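In the order they appear, the protein sequences are chains C and W.
For what it's worth, the numbering used here labels the leading residue of the first sequence as 44, then goes sequentially.
For what it's worth, the numbering used here labels the leading residue of the second sequence as 44, then goes sequentially.
The reader is advised that the hints may include incorrect statements.
Remember, identical chains collapse to one label, so a pair may be satisfied in a single copy or spanning two.
[Unchecked claim] No more than 20 Å apart at the CA atoms, straight line, and that leaves these computed lysine to any residue pairs for SDA-like:
(1) Lys94 <-> Gly304
(2) Lys344 <-> Arg308
(3) Lys344 <-> Arg329
(4) Lys214 <-> Ser265
(5) Lys214 <-> Gly73
(6) Lys214 <-> Thr259
(7) Lys344 <-> Gly310
(8) Lys184 <-> Gln325
(9) Lys214 <-> Val69
(10) Lys344 <-> Gly330
(11) Lys344 <-> Thr190
(12) Lys344 <-> Gly304
(13) Lys293 <-> Gln325
(14) Lys344 <-> Ala328
Simulated from the structure, these hints should not be mistaken for laboratory data.
Treat the numbers as computed from the prediction; the structure is a model and nothing was measured.
Protein chains: 2
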Amino acid sequence: MKNDPSQPTSRAADPNTPIGFIGTGVMGNGMAGHLLEAGHPVFVYTRTREKAESLVNRGARWAETPADMARHCQLVFTIVGFPADVEEVYFGEQGLLAAMQPDTILVDMTTSSPELAQRIAEAASENGGRALDAPVSGGDKGAREGTLSIMVGGDREAFDAVRPFFRLMGKNIVYQGGPGSGQHCKMCNQITIASTMVGLCEALAYAESSGLDPETVLQSISTGAAGSWALTHLAPKVLAGDFAPGFYVKHFIKDMSIAAGSAERLGLELPGLQVALERYRQLEARGYGDEGTQALFHLFKED
Amino acid sequence: MKNDPSQPTSRAADPNTPIGFIGTGVMGNGMAGHLLEAGHPVFVYTRTREKAESLVNRGARWAETPADMARHCQLVFTIVGFPADVEEVYFGEQGLLAAMQPDTILVDMTTSSPELAQRIAEAASENGGRALDAPVSGGDKGAREGTLSIMVGGDREAFDAVRPFFRLMGKNIVYQGGPGSGQHCKMCNQITIASTMVGLCEALAYAESSGLDPETVLQSISTGAAGSWALTHLAPKVLAGDFAPGFYVKHFIKDMSIAAGSAERLGLELPGLQVALERYRQLEARGYGDEGTQALFHLFKED
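Model the full structure from these sequences, guided by the hints.
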């Protein structure tokens with residue numbers, strides 16, 4: 044890496060650079076906490092101020108708006124809810140982009156649309172800075188324990204500059220390519236999970252309907268060619284009647300909707316994703332949006 | 044276990060009992076081989092005699108028909124192709140059932156229909172013996188290495204009697220319940236795999252279409268919540284252009300057809316299984332029936 048302090052790359056990596064963190068929900072709280080623990084000065088902002096209080100108590104400084112934060116920080120991470128929230132945080136009147144200083148790096152870790160990531164990257168570039176899209180997987184547990192998988196798209200030099208900070212938050216940190224590539228990679232992750240969850244719930248429903256003991260079935264099938272993270276970690280929750288969210292149904296629907304829209308633009312027909320998306324929407328319509336993705340099983344039981 | 048030699052349970056477990064093995068294809072060859080290696084006298088029969096030759100050279104004795112075998116053996120394993128082949132081997136004119144001695148245990152390890160397994164169990168019982176359905180997973184590798192997962196349905200005592208022989212062929216040996224339960228469990232396995240394969244191929248197709256490097260995508264997604272046996276073992280084969288069969292498309296279609304029919308009888312709607320079955324049938328119609336299940340990717344590439 045370059046040592047010239049006029050280079051944005053080295054400036055952003057400086058441990059004394061104030062870091063901004065927007066969105067201190069279940070994920071952001073753990074992630075911003077790791078930056079604080081590492082001794083970095085951290086500014087926080089989130090829509091509902093109380094959600095940032097524990098971080099403020101640990102030494103984080105409150106920013107009144109994203110724009111306010113952009114005036115203090117040349118490295119800002121964001122992880123908010125929906126693409127509309129990302130739009131507001133970046134393009135809103137009090138958003139990051141209008142107020143950002145030259146050489147700033149903005150990193151959106153929300154799972155959001157690849158096209159929006161590309162628009163942010165362009166706007167950041169026009170303002171003399173850079174942007175990365177860096178969605179994560181690993182859930183609140185991964186965020187808390189600093190073991191997230193982080194899929195990064197955008198400028199390669201900016202990625203190298205931010206990598207030391209990613210290392211505080213995650214373990215499996217992979218550069219996927221230009222702007223939007225992190226989001227596209229996350230879409231691959233969610234497309235894979237979508238059909239896997241359908242298969243898992245169908246198998247458990249079949250097991251029950253055919254009079255088998257589903258736990259005994261899992262003993263036979265979990266460790267072989269049918270095995271998956273979901274079968275190991277979520278199927279036992281289904282059987283225990285535990286539908287508490289590790290990952291919310293409503294957020295999974297958001298992700299699959301983005302993936303479906305993106306696939307359509309790419310001219311790809313993804314029937315498995317369509318089945319999953321339709322089914323999860325039915326599930327949400329029946330009032331299960333705030334349960335975990337394993338709640339899909341409810342639908343197959345009601346059939 | 045009981046020691047009274049008049050008990051069928053102990054008679055079948057006797058290491059000197061001649062064992063019959065019908066179906067010496069890719070799977071059966073490895074499995075029957077383990078019985079021979081353990082020193083058991085083994086009779087073999089298969090439709091195409093040459094396929095049994097290596098076993099005969101290793102000391103197995105040739106039976107002219109299933110009925111002939113049933114006259115020599117009170118424990119017979121079968122693993123053939125399709126349910127129609129199972130019908131023939133059991134109910135045919137020269138089949139096992141008509142010729143079986145009392146106290147015989149017949150074990151069908153073919154992946155076949157639960158209803159057929161129940162019919163065989165009834166017929167065996169009427170003839171003074173018992174039958175187990177014991178399909179496997181783990182492929183030719185598992186058969187060769189004796190590491191199969193064996194899912195067993197039928198009489199519990201018969202299972203206990205046969206277990207020492209199952210142990211020669213597999214590692215994960217689980218009793219699932221009464222007649223047909225082994226087949227039902229295998230259907231759960233295949234239902235799980237069906238949607239998992241769809242998700243895997245859709246994700247890889249999306250990765251390519253969106254301009255990502257699919258291998259780099261796998262680095263991000265294989266070890267997290269999207270992870271599966273298929274993603275670890277089959278996705279790299281797809282990317283390497285290796286469509287050689289670990290498990291044949293045509294056999295997977297057979298299994299999914301059985302599962303779909305069985306689900307219908309149970310009044311279950313399984314849309315993920317339907318998508319997979321339709322797609323694999325399209326794949327077979329395009330001439331890919333003799334490739335491995337990872338060949339599903341061809342379809343998504345052609346979209």
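Go through the copies and call it for Lys344 and Ala328: within, between, both or neither, with a Cα cutoff of 20 Å. within (16 Å within a copy, 34 Å between copies)
Since the copies are identical, ignore which copy is meant and state whether Lys293 and Gln325 lie within 20 Å (CA to CA) inside a copy, between copies, both or neither. Close inside one copy (11 Å), not across copies (33 Å); limit 20 Å.
20 Å Cα threshold - placement of Thr190 relative to Lys344: neither (34 Å within a copy, 34 Å between copies)
Taking 20 Å as the upper bound on the Cα-Cα distance, should Lys344 and Gly330 be classified as within, between, both, or neither? within (15 Å within a copy, 37 Å between copies)
Intra- versus inter-copy proximity for Gly73 and Lys214 (alpha-carbon distance at most 20 Å): Close inside one copy (14 Å), not across copies (41 Å); limit 20 Å.
Please sort Lys214 with Ser265 into within, between, both or neither, judging by C-alpha distance up to 20 Å. Only across copies: Lys214 and Ser265 sit 13 Å apart there, 26 Å inside one copy, limit 20 Å.
Can you give me the call for Lys214 and Thr259, within, between, both or neither, at a CA distance of at most 20 Å? between (34 Å within a copy, 15 Å between copies)
Treating 20 Å as the Cα threshold, decide for Lys214 and Val69: within, between, both or neither. within (18 Å within a copy, 42 Å between copies)
At most 20 Å between C-alpha atoms: does Lys344 with Arg329 qualify within a copy, between copies, both, or neither? The answer is within: 13 Å in one copy meets 20 Å, while 36 Å across copies does not.
One pair to classify: Lys344 and Arg308, alpha carbons no more than 20 Å apart. Within, between, both, or neither? The answer is between: 16 Å across copies meets 20 Å, while 35 Å in one copy does not.
Within a copy, between copies, both or neither: which one fits Lys344 and Gly304 at a CA-CA cutoff of 20 Å? Classified as between; 18 Å across copies, 29 Å inside a copy.
Is it within, between, both, or neither for Lys94 and Gly304, if the alpha carbons may be no more than 20 Å apart? neither (32 Å within a copy, 52 Å between copies)
The structure is inconsistent with the numbered hints 1, 8 and 11, although it conforms to all the rest.
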